[in-house]
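Whenever a hint applies, use it, and build me the whole structure from the sequences.
Listed in order, the protein sequences are those of chains E and F. Here the working numbering is used: the first residue of the first sequence is 25, the next is one more, and so on. Here the working numbering is used: the first residue of the second sequence is 5, the next is one more, and so on.
Hints are computed from structural coordinates only; laboratory data are not their basis. Positions of the beta carbon are idealized from the N, C-alpha and C atoms, including for glycine. Keep in mind that a hint or two might mislead.
Some chain E residues near chain F, calculated using beta-carbon distances under 8 angstroms [claimed, not checked]:
{"no.": "1", "residue": "Trp-62"}
{"no.": "2", "residue": "Ile-71"}
{"no.": "3", "residue": "Phe-76"}
{"no.": "4", "residue": "Ser-86"}
{"no.": "5", "residue": "Phe-105"}
{"no.": "6", "residue": "Tyr-113"}
{"no.": "7", "residue": "Ile-146"}
{"no.": "8", "residue": "Lys-157"}
{"no.": "9", "residue": "Ala-174"}
{"no.": "10", "residue": "Leu-209"}
{"no.": "11", "residue": "Asn-211"}
Which chain F residues stay away from chain E? Per the calculated CB distances, all over 12 angstroms, these [as the list claims (entries may be wrong)]:
{"no.": "12", "residue": "Asn-7"}
{"no.": "13", "residue": "Thr-49"}
{"no.": "14", "residue": "Phe-50"}
{"no.": "15", "residue": "Phe-55"}
Spelled out, the chains give:
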Amino acid sequence: MNLKNKLHRSVYNRKGCENLQAGPKLWSKKAKNISSSWYFLIIVILIYLILFILNQNLFLQSLNFFYKIILKIIPIFAIVFILMAISNYFITPKFIIKHLKEKGIKKWFFVIVGGILSAGPIYMWYPLLGDLKNKGLNYGLIACFLYNRAIKIPLFPIAIFYFGLKYILILSGAMIIISIIQGILLNKLMGVKK
Amino acid sequence: MKNIKDKNLMKKSIIKSAKSLWKSFPIILSTILLISLISTLIPKTFYTTIFTKNIFLDSFIGTLIGSIFAGNPITSYIFAGELLKQGIGLIAVTAFIVSWVTVGIVQLPAEATILGKKFALLRNLTAFIFAIVVAILTILILGVIK
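What follows is the structure, given as structure tokens:
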């Protein structure tokens, strides 16, 4: 079975589009991802242990730096968690897909909003976008959707904490504009007719 | 009946969010640990040798690094935010944040298989170029507004 079929099966073998959690194949892939990130943490901890043996002063300085960052970002994580829960409650993939089927200029608007509101890993969306492509969603709109996934409202508190509200608003605005330009450009490059 | 459904949906949403954050937990913790180590080990003057304050070169380097890495955007914010404090220019940091999510070298095979090779290549290539454009545009607008 090729990769395309595997991904399609893993996403569609649940009831409709309501729950986009993947099937066994993707779960095993996810499990691998999870373990690899834990392995990464273990490696970093080992580096710290080596540093502790070699230079205790540097070890303590690094740990102090780490402690200061953690202390600052914990309250922001609480806000991020609340925003994520609210977003997951109100915005389901079914809701997004329904609006991606709009027509005309509205389509661009809903593709941008859909991209911003969509959650979950990007590979989860490929099969659905592939399916929508077969149903008439053009390449430019798909690219626009994928580009806008970079704007994550629930993560705004942490972004504002580091870069400020003005910067985040300007960056988001610039990204929305560029996403449309990229969409139009891709339609031209892919030879999509109006 | 509707209340029970709503409660279940809310419970599911909370669990989903908790799972999502928990999944990011080891990588976020590793990132902060590494940043702390880098900040202690590497002097701030080192970054000035890589990032020369040339807007094109800095945004290109930022985009290149962001394109190679992949993961939850929250990690990129923490990583980029801490690097900014270390003295790396906002333009490089912006290009890094944008390309982290818009360019997907790791996901390229899956994207190419489902959405087409030509589309996946063109989308990632244009996203790479546009990450530089967005970084320059954002910094220019920010400079004008200031």
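Inset, instruction - Taking the shortest Cβ-to-Cβ distance between Phe-50 (chain F) and chain E, state whether it exceeds 12 angstroms. - result: At roughly 16 angstroms from the nearest Cβ of chain E, Phe-50 (chain F) sits farther out than 12 angstroms, so the non-interface label holds.
Legend entry - Status of the Phe-76 (chain E) interface restraint (C-beta, 8 angstroms, chain F): violated (12 angstroms)
Legend entry - Hint check: 8 angstroms Cβ-Cβ cutoff, Ser-86 (chain E) to chain F: Since the shortest Cβ distance to chain F is 4 angstroms, the answer is holds.
Legend entry - 12 angstroms Cβ clearance of Asn-7 (chain F) from chain E: holds (14 angstroms)
Inset, instruction - Take a quick look at Thr-49 (chain F) and tell me if its Cβ sits farther than 12 angstroms from every Cβ on chain E, holds or violated. - result: Fine: 18 angstroms to the nearest Cβ keeps Thr-49 (chain F) off the interface.
Legend entry - Closest C-beta approach of Ile-71 (chain E) to chain F relative to 8 angstroms, hint status: holds (7 angstroms)
Inset, instruction - Have a go at the Ile-146 (chain E) hint: is there a Cβ in chain F nearer than 8 angstroms to its own Cβ? - result: holds (6 angstroms)
Inset, instruction - Let me know if the C-beta of Phe-105 (chain E) comes in closer than 8 angstroms to any C-beta of chain F, holds or violated. - result: Cβ of Phe-105 (chain E) sits 6 angstroms from chain F, so the hint holds.
Legend entry - Interface-negative label, Phe-55 (chain F) against chain E, beta-carbon threshold 12 angstroms: About 17 angstroms separates Phe-55 (chain F) from the closest Cβ of chain E, which puts it past 12 angstroms; holds.
Legend entry - Closest C-beta approach of Trp-62 (chain E) to chain F relative to 8 angstroms, hint status: holds (5 angstroms)
Legend entry - Closest C-beta approach of Tyr-113 (chain E) to chain F relative to 8 angstroms, hint status: holds (4 angstroms)
Inset, instruction - Could you check if Ala-174 (chain E) really has its C-beta closer than 8 angstroms to a C-beta on chain F? - result: The hint holds - Ala-174 (chain E) has a Cβ within 8 angstroms of chain F, the shortest such distance being about 4 angstroms.
Of the numbered hints given earlier, the model fails hints 3, 11; all others are met.
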